[in-house]
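Read off the chains here:
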Amino acid sequence: MRILSAFAFGLLFGCGILISGMGNPAKVLNFFDIAGTWDPSLAFVMGGALLVTAIGYRLVFRLDQPLLASSFSLPTRQDLDVRLIGGSAVFGIGWGLSGFCPGGLIPVLGLGLTGPILTAAAIAAGILTARGLISMNVGKMAAKA
Amino acid sequence: MTEFTPFLSFAGGTMIGLAAVALMAVHGRIAGINGILSGFLTTQLNQDWAWRAAFLTGMVVSPLVLLGVTGQLPQISIPSSPALLAVGGFLTGVGTTFGSGCTSGHGVCGMSRLSARSIVATLTFMATAGATVFLTRHVFGG
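Taken in sequence, the protein lines are chains A and B.
Position 74 of the first sequence, counted from 1, bears residue number 74 in this note's numbering, the numbering being contiguous throughout.
In this note's numbering, each residue's number is its place in the second sequence (first place is 1) plus 145.
Among these hints, one or two may not hold up.
Pulled from the structure, derived: some chain A residues nowhere near chain B, Cβ distances all over 10 Å [to be verified]: (1) 136; (2) 138; (3) 140.
Chain B stretches covered by chain A per the calculated footprint, using a threshold of three residues with CB under 8 Å from any CB of chain A [to be verified]: (4) 161 to 168; (5) 186 to 197; (6) 204 to 210; (7) 220 to 231; (8) 234 to 245; (9) 255 to 266.
Heads up, incomplete: computed chain B residues facing chain A, CB under 8 Å, no partners named [as the list claims (entries may be wrong)]: (10) 179; (11) 213; (12) 217.
These are computed hints drawn from the structure, not numbers from a lab.
Predicted model, so just to flag it, every value in this text is computed and none were measured.
Even for Gly, the Cβ is constructed at its ideal location relative to N, Cα and C.
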């Protein structure tokens with residue numbers, strides 16, 4: 001049941017990405033190209049997603065616990081740190097170069113094109129590299145302490 | 146040029162939102178694709194890995210299901226060269242890992258919870274993405 005529902009939600013998410021245009025890098029890059037061939041469509045994606053999520057989350061959080069899990073896994077941090085802002089800045093540069101954010105890319109992998117597969121491999125390499133750097137840094141701090 | 150598609154984009158956005166709400170209601174999880182992907186890239190194939198694998202599989206087969214339902218594949222056009230895709234992808238992986246989230250995790254799930262971290266992260270990556278596109282298209286490119 002857990003597996004089946006997660007699959008169904010991934011399918012719904014992926015269809016939403018493809019219908020909305022978030023999976024089309026030409027459209028994504030045009031959204032950012034206000035000075036050129038601007039296509040404001042993606043603001044409507046964000047608007048639709050935020051509208052549903054803002055209302056839906058409020059209803060969901062009235063539950064004592066999720067239907068198939070013991071508790072809600074929510075980030076609790078409130079502080080703004082260099083890692084959050086620097087990391088997000090680097091992500092934006094990457095997004096602006098490729099036109100693929102992770103959510104836009106994964107559904108497109110199903111088309112079997114080489115460009116998206118290359119991008120996915122590069123994202124995986126980036127995740128593993130950053131994870132390695134973070135654990136090294138944590139190790140250093142632990143050694144100092 | 147790409148066609149302005151406010152209705153389709155809004156409809157797709159509501160589907161993304163519904164999936165995020167459903168994942169929270171049933172699994173208690175944030176639908177941050179980079180986070181789901183990151184947790185999938187592990188050697189510990191336990192229950193936590195299984196739902197991530199199932200969610201990602203659902204995403205990957207979505208174009209084929211759309212093809213079955215609508216009779217057409219989504220239009221994808223990739224303006225960037227393979228080199229730019231590789232560099233951009235790598236920076237995306239590094240940045241989202243340090244920044245703890247991407248467009249879905251911070252932009253949709255976090256912002257809808259009014260998380261200050263997510264609002265700042267989203268404004269930051271939208272700004273640098275916009276600056277990058279401006280530089281590559283209007284300053285360095287043609």
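Which numbered hints does this structure break? Hint check: 11, 12 fail, others pass.
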